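> One-letter residues, chain by chain:
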Amino acid sequence: MKFLSIVQLTFRESLAKKTFMAFLAISTFICLLFIFALNVDIVDGLQSGVSIFGKDLPKQFDLTKIVVGIEGGLSVLLYTAGIFLSLFATSNLISTMLKPGFVDLFLSKPVSRLQILSGRFIGSVLIVALNIFYLVIVSGLILSLKTGVWNWGFLWAAVIIVLSFTVLFALMTLLSIISKNGPLSLMVTYLVLFFSPLLLVRNQIYALLSSKYYGYFFDGLYYVLPKTAEMGAMTQNLARGLEINSWMPLWSSLLFALVMLGISAYIFQKKSY
Amino acid sequence: MVVETLELTKHYSKGKVKALDGCSLRVEKGKIFGLLGPNGAGKTTLVKTLLGIIHPTSGSARILGEPISNYRVHAHIGYLAENHRFPEFLNARQILFYYGKMSGLNTELLYKRIPELLDLVHLSKWAKTRIHKFSKGMAQRLGLAHALLNDPDLLFLDEPTDGIDPVGRKEIRDLLISLRNQGKTIFINSHQLSEVERISDEIAILKNGKVLKTGSVEEFISVKQQYQLLFTEGDTPFSEVCAELNIPLVQTDGLFTVSVESDLQLNHLIDELRQQRFILQGIVPRKISLEDYFIDVVGEEAQV
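Note that the protein sequences, when read in sequence, are chains A and B.
Residue numbers are given in the numbering used here: position 56 of the first sequence equals residue 56, and the series is strictly consecutive.
So the number in the numbering used here is just where the residue sits in the second sequence, counting from 1, plus 273.
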């Protein structure tokens, strides 16, 4: 119950932020767009025509391809803009908790420091998950009900998006605990988010450099840092119903998150406030 | 003992800054304990260390019989932090609800207790107002209500009357005395010496992380073997009597203060004065204000 109250409080704090409300509003707008813009005429149980914004699509259009294409596009949007905005909106949830006068109130309660940190972390992930699943479930449901095409991969894509956010948020949590500075933690996390895709082409980078040690360095970075590009591709493949060749990017990124959280918990436990 | 510290130290910057330096003190159950000290003396550090917010460098401490590392004991502790900050997007009632839940209180109890506490601190009318609209005094009163949420056995109050008007201060004093009478222990950190003097049973003076003095308020403010003699007539010439008995006499602002070596000498002086037909109105043990005492002690230490 005590732990749950920390989760609830974090959830309330997140809801009070305009970013999440804007996110919800955009999601609702997209869902409304699907309700009113996409029309599928069914006659005697068979599809007779599809129109988008009142414009009829040619008969040769495959409805499954249209739905999967839309959901694939949405998953890319959520993976990029969604995670970007979510990190921005949650960037000060940990650092705010650590501010003098605020942290004292948490630490003077009969809850362990681990519970405080995990409650705050889970609360932040939950609000992001709510936003992402809201858009994915509602828009997926509208598309499926209108077209009769059920693409469960879209739901799995949402799971990967939430896990990707969780991985990056774990890094941001550690940085916030060390620096007590939300904007700084956000900037470093963004750097990792945008820098790690470059490591996919690390062979080409260290081919340009003289020492072999650069190769070891970039390889090390690649295996240690979250694999955001691969997870993005994984999300898109799942949404499009394509096969996933390797789950390594996912589990190694989750391992990274676990290590980040472990170090965060250790430092939070040892620090005086 | 409700609070017990033994050689508690907290050093920062590899020992260059000594926030607490071998601090040892004991607080008994059912007392109001005032911790005094100049700015940077280590008062807040001590309270935060007792609450596990700051980890000590060395030494040990127990609260309510438990080591300070045991966070579960906080279920029986109330804390009003100096410059506390509640989430500004919540109103007073919501704050007490969420923080009450964090203290392990159930919803039913909170629905009963929150209106009572808001009424106690005169915030009922503001229960649904977001606290970013609160004045400092209102925020302080909400902090006090928060500290009392779990009906604590031990209450830590860091500058409890900060930002509160004189009427509010009196109400808080009365409330603390009433809590003390219910058997609760109250540990106050304050710069308001007159406030502490009025309500504390025991006092400790802290400077540079060290406890300089501990004792009851009476012990601190009464000056041993000095008495003020009150006569019916204003300027009564009894200096000759004092001179005969070899008793130092000081006259300031119409008050006669004698310094005697013992109770026997005081009685001897009274006998002499009565024999010589001086009409005594009263004999009052001389007291100094806690502020004077505080300045003396803190100043003495500085000279040493």
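Check each hint, because a few of them may be wrong.
Non-contacting residues of chain B with respect to chain A, defined by C-beta distances greater than 10 Å in every case (computed) [unchecked claim]:
#	residue
1	HIS347
2	SER376
3	ASP565
4	GLY572
With the Cβ distance kept under 10 Å, some of the chain A side facing chain B (calculated, not the full set) [to be verified]:
#	residue
5	GLU13
6	ASP104
7	LEU105
8	ARG113
9	LEU208
10	TYR266
11	ILE267
12	LYS270
13	LYS271
These are computed hints drawn from the structure, not numbers from a lab.
Since this is a predicted model, take the numbers as computed values, not measurements.
Note that the Cβ used here is the ideal one computed from N, Cα and C, for glycine as well.
> Confirm or reject each hint.
Here is what the structure says about each hint:
With a least CB separation of 4 Å from chain A, HIS347/B falls inside the 10 Å interface cut-off, contrary to its annotation. A beta-carbon of chain A is positioned within 10 Å of the beta-carbon of SER376/B; the least distance is around 6 Å. Distance check on ASP565/B: its Cβ is at least 33 Å (rounded) from any Cβ of chain A, clearing the 10 Å threshold; non-interface status holds. No Cβ of chain A approaches the Cβ of GLY572/B within 10 Å, the least distance being about 31 Å, so the stated non-interface status holds.
This hint holds: GLU13/A has a C-beta 6 Å from the nearest C-beta of chain B, less than the 10 Å allowed. With its C-beta approaching chain B no nearer than about 4 Å, ASP104/A sits inside the 10 Å limit, and its interface hint holds. Because the smallest distance between the Cβ of LEU105/A and any Cβ of chain B comes to about 6 Å, under 10 Å, the interface hint for this residue holds. Taken as an interface hint, ARG113/A checks out: its beta carbon lies about 8 Å from the nearest beta carbon of chain B, inside 10 Å.
Interface restraint check: LEU208/A against chain B, minimum CB-CB distance 44 Å, threshold 10 Å, status violated. Annotation: TYR266/A was flagged as interfacial toward chain B, and the flag is violated, the nearest CB pair being 13 Å apart, outside 10 Å. For ILE267/A, the interface hint is violated, the least distance from its beta-carbon to any beta-carbon of chain B being 12 Å, above 10 Å. This hint holds: LYS270/A has a C-beta 7 Å from the nearest C-beta of chain B, less than the 10 Å allowed.
Nearest Cβ of chain B to the Cβ of LYS271/A: about 8 Å, under the 10 Å cut. The hint holds.
This entry does not satisfy hints 1, 2, 9, 10, 11, going by the numbered hints stated previously.
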